[in-house]
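Each chain, written out:
Protein chains: 4
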Amino acid sequence: MMIVMKEGASADQVSSVVSRVESVGARAHISEGEIHTVIGAIGDREQVANLELEGAPGVDHVVPISRPYKLASSEFRRNERTVIDVDGRKIGGNHFAVIAGPCTVESRDVMLDAAGVVKEAGAQLLRGGAYKPRTSPYSFQGLGEEGLRLLAEAKEATGMPIVTELMDVRDMDAVLEVADVIQVGARNMQNYTLLTEIGRSGRPVLIKRGLSATLDELLMAAEYVLKEGNTDVMLCERGIRTFETGYRFTLDLMAVPVLKELTHLPVFVDPSHASGRRDLVPQLSLAAAAVGADGIIVEVHPDPDTAICDGPQQLHAELFGDYMRQLERVAEIAGKELAREQV
Amino acid sequence: MMIVMKEGASADQVSSVVSRVESVGARAHISEGEIHTVIGAIGDREQVANLELEGAPGVDHVVPISRPYKLASSEFRRNERTVIDVDGRKIGGNHFAVIAGPCTVESRDVMLDAAGVVKEAGAQLLRGGAYKPRTSPYSFQGLGEEGLRLLAEAKEATGMPIVTELMDVRDMDAVLEVADVIQVGARNMQNYTLLTEIGRSGRPVLIKRGLSATLDELLMAAEYVLKEGNTDVMLCERGIRTFETGYRFTLDLMAVPVLKELTHLPVFVDPSHASGRRDLVPQLSLAAAAVGADGIIVEVHPDPDTAICDGPQQLHAELFGDYMRQLERVAEIAGKELAREQV
Amino acid sequence: MMIVMKEGASADQVSSVVSRVESVGARAHISEGEIHTVIGAIGDREQVANLELEGAPGVDHVVPISRPYKLASSEFRRNERTVIDVDGRKIGGNHFAVIAGPCTVESRDVMLDAAGVVKEAGAQLLRGGAYKPRTSPYSFQGLGEEGLRLLAEAKEATGMPIVTELMDVRDMDAVLEVADVIQVGARNMQNYTLLTEIGRSGRPVLIKRGLSATLDELLMAAEYVLKEGNTDVMLCERGIRTFETGYRFTLDLMAVPVLKELTHLPVFVDPSHASGRRDLVPQLSLAAAAVGADGIIVEVHPDPDTAICDGPQQLHAELFGDYMRQLERVAEIAGKELAREQV
Amino acid sequence: MMIVMKEGASADQVSSVVSRVESVGARAHISEGEIHTVIGAIGDREQVANLELEGAPGVDHVVPISRPYKLASSEFRRNERTVIDVDGRKIGGNHFAVIAGPCTVESRDVMLDAAGVVKEAGAQLLRGGAYKPRTSPYSFQGLGEEGLRLLAEAKEATGMPIVTELMDVRDMDAVLEVADVIQVGARNMQNYTLLTEIGRSGRPVLIKRGLSATLDELLMAAEYVLKEGNTDVMLCERGIRTFETGYRFTLDLMAVPVLKELTHLPVFVDPSHASGRRDLVPQLSLAAAAVGADGIIVEVHPDPDTAICDGPQQLHAELFGDYMRQLERVAEIAGKELAREQV
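Protein sequences appear in the order of chains Z, G, C and W.
Per the working numbering, the first sequence starts with residue 1, numbered consecutively.
Per the working numbering, the second sequence starts with residue 1, numbered consecutively.
Per the working numbering, the third sequence starts with residue 1, numbered consecutively.
Per the working numbering, the fourth sequence starts with residue 1, numbered consecutively.
Bear in mind the hints are in silico, worked out from the structure with no lab data behind them.
Predicted model only: the values in this text are computed from it and were never measured.
Certain hints may be false.
In the DSS-like style, the derived pairs of lysine-lysine whose C-alpha atoms are separated by at most 27 Å in a straight line are [as the list claims (entries may be wrong)]:
| hint | chain 1 | residue 1 | chain 2 | residue 2 |
| --- | --- | --- | --- | --- |
| 1 | W | K70 | Z | K6 |
| 2 | G | K227 | C | K6 |
| 3 | W | K227 | W | K70 |
| 4 | C | K6 | G | K70 |
| 5 | C | K227 | C | K90 |
Go ahead and model the full structure; you've got the sequences and the hints to work with.
What follows is the structure, encoded as structure tokens:
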């Protein structure tokens, strides 16, 4: 951490900062510039950060030097990438994974149809929401436990691992019964009690980036899980909020290579929620593969026009095979292999 | 809801949309413009929204006409403002309320000192966090139940009602023991299970706006509480995320008069978290009063430099009396009365 | 345009709006909803917009139905795409074009070296800045007319068409001497006098999207050029400003397919300025091709470490050939053909 | 400037950076942390910045320590505030100034009526646009030179100094004939040739902050003027672009006290353009005064409903006297004196 003193800060102010830095066992290293004196605090980042020197007399501003996360950082694994094994499916490294399925578990027929289609087209994991976070309390909130039962049935029928969202720690046990990967939604990215409990469960987790979360914050959310000893964490870019009103969110594909530089964890992209429009999903998916994503999580429905929720963004199941073939070609150029599910 | 058809949409596409609108019991009203045909769907907003016509063939885009919230809207109370009574303190209407206290409950001495100071200066409610949402899992997370006990003691000593944050539904009972107002933090603004449970508790709640939440989303969060029959909801602007890196968040004071037009609920401003710097807090507080806020929630600490967390943003207790007097003068110009707590 | 009246708007207020709509020769079409009366104004968009009914008594808000641009809209060309011919190079449609060269024209040697490299690797157009908009008045502002002379020499040597920026209308004649395509920088996207003069010049133009410009505003900038009878307009996404501080700008690749739906004009992507880091440029370029861009504008330098400006974002010339080959493969999957320059 | 090396950067990489720093005459100061080596570069900021070390081998990132502007900085004037004299009206310091008038100069009658009203109510300067930057090429672009003549007439009639916008350097001479203060619009904040020419003219200038300009960029725009020897520069916050769609722009009042800390230049607020709605203007104006602004620039019109442009945001002239009285009271609490114009 670097503490930049104000122009004209007094010697007393400088030595007061030095004392406080040393009081937590860190070393202080003074560098006098032409305008500003800069004090480098060398030691435990968290301890120095907790001093909160931003407001101290004579301090202009404080610049962090090392990153706030440890277990999530690339350095922690010495630049080796995490490869997660979900019931035999490899995620991360040079693997490219597709998680597909309907937005919501809405009925037995739809769930089983969709599961059959995505399996046949070569998706590795099956998604479907039993608990749905909705902006409006008057919207359909998911089938809940009944939805979990239908997911279990689809898993039984296809052998595909299940990805489903957990919103409330009180539903943890029920979700653990069926989920091979627990999804944390964007609105819960900073629900720290939820993250901690998932960390303790040891189950693989896919954390979606919050609508205006920085990459550091996303990695700190991962850190909450990793800290509990759960190393199977996947990250997911799903669109951020900007001033542009021409689309629902702005898919931030630059986040993918930058995250892959910062962390060893696999990085997914969700083109369905980012755009909210199925016609944009194929191109955004190809772009995600081209930019180096480790996988895609995408919504597919046998008959999107009748879907209970988010119909407009779900791909038509009948076109999903072609979609997968295109994706495979681009992923290959980006150095990735799409391990097709065997039918 | 208005469904705008694409230029050149066919008669079949128009009648298909009309049929779907009518299928949920709404009326369709066709208006043919020079370029676009527009179909007005008149009936239950939620039902029509659930049709998700955005992706239907021939549809260009869909424009909502009425607002998504009902109970929170000004029209619902026929433009009469909600005045909440918290243990005799009036909040909303022509009252101006100050909620003050340390960021975190950190020790018995600090809590009681701060409580004494803010009471003497005329604040109406006492704040203090026992559970702290922290970006880093390595930061101090609050004293938890011990913190709640200290809040109860401060309440006993001063007679002031307590405002404190709830993060986890599992802590609800413990928080209800001491909180006169439950605070929902910005990161939990869309934690719908938390909002629903608070709605059921019937306890007054102060909901902070998420870092990138729209006003509609904030009002939908309020709607989750109101829908459960709890009418004592306060909203709080606490800074939004923008591109500007010169300060922590950008305090959006324009939200205050616009919220007061949209809803009957009281609107607070939190200048401490918005800026993260105590030197900006007085001016931002005056501006909040000038723009018509119903109150301020502000951090005050007997010795901010030794505070366990957020020291740089907490006001020095010894300056708090002057601060309150200035605030009172501006609130009065804005047509508000600051009901000082009697010592 | 739809004028949504407030709940409880009086009959007089409705008829006053109707009169004003009719006063500019438009028809008014009244639709009474359960809560709001909506008045459709059918006629010349600009005329109705100029009424500025947003503030009229009883009006809640105004919703535009048709888009504000005409000549730039897809409908104007009946969904046929514009293909621009720049000295034999085709831009738009199923063509994929690469504009490459150094950020700044800094010396004769660098310019001629870079030109040779990009030509050999198959780029179609050569870029280089003689006038540089710089945030700081103390930074290098470009070689000016001397830079234009060096561009002319590079054009002579390679036969490649030149793309260069114009910042000041007073330099128009000098720039027209050498530029085959005039570039308008992001900071000048709404410099309307500049756009109008370029429109009058008839020279092809590439307009970069402003840092926080909406797609509608970018298309209105194009409209300023098109309105003067100049139909050779290319658009360019170069990163927008968001809250994320992990990179310079956020490249908004979703803008590419959406722009291609809204307009017939070719859409480029500038990965160099968006990221400011050469290590991100190859992946972002592939993603741009995958998402359907009509071309890339990219910075290449024989020895970036010694470049006068923006060195860190310029590709090493020796790696440019491989870069082009990868790009070609992805463009092909996206249905585009990269017409390589013949050496 | 601090150059933070990557974890594991080699000794060679460190010494290569040191050499480059020393090559421009700066001193390098090495500080070895637990994870990162940090090199402080002490010397001319611009020279070191021009090295663009961000991309150099082994460099993680570069942190500027001193600010990029010099003449605009508070330190340059040793924390003494600039007070500008415009034909006897004092701007800055403990003075509070109101610039008022119609958005556009649209006719002789409107201009003279408005001028009379704002003078009588005590505004110090008169505003009115002869050249109007409009998003659409089909909108009214201002009366141009005829507008300047009407401004001259209003100045003659009232004795008030004139504030009017310059968009095109070719109109400089005509504008200098009448403008006592030249206004630079938000879209031209980074039109560097315009800023430089205004700097050379020596005429006072009011620079509006761009829609997504950082405070540093705004101050760098001021620096372009100051560098030419023109010290009479005023800054103006007029709303920034955020994700919120409930209002036109988000007025960033936090910018006011922060700018006043960073610079000695006077800071204005424009509530009319920020909100686009006259009903919000009075409250936003009071908040601007409360937060410490040096003045307000506000639109007033004798009959806003018939205004040619921006009618909905212009205050009714008949209410302007009350508005001024309220503003005066709040400015006084903020330590400012409103020097009323004598009628």
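- Item | Ascending list of hint numbers which this structure does not respect | Every hint satisfied by this model.
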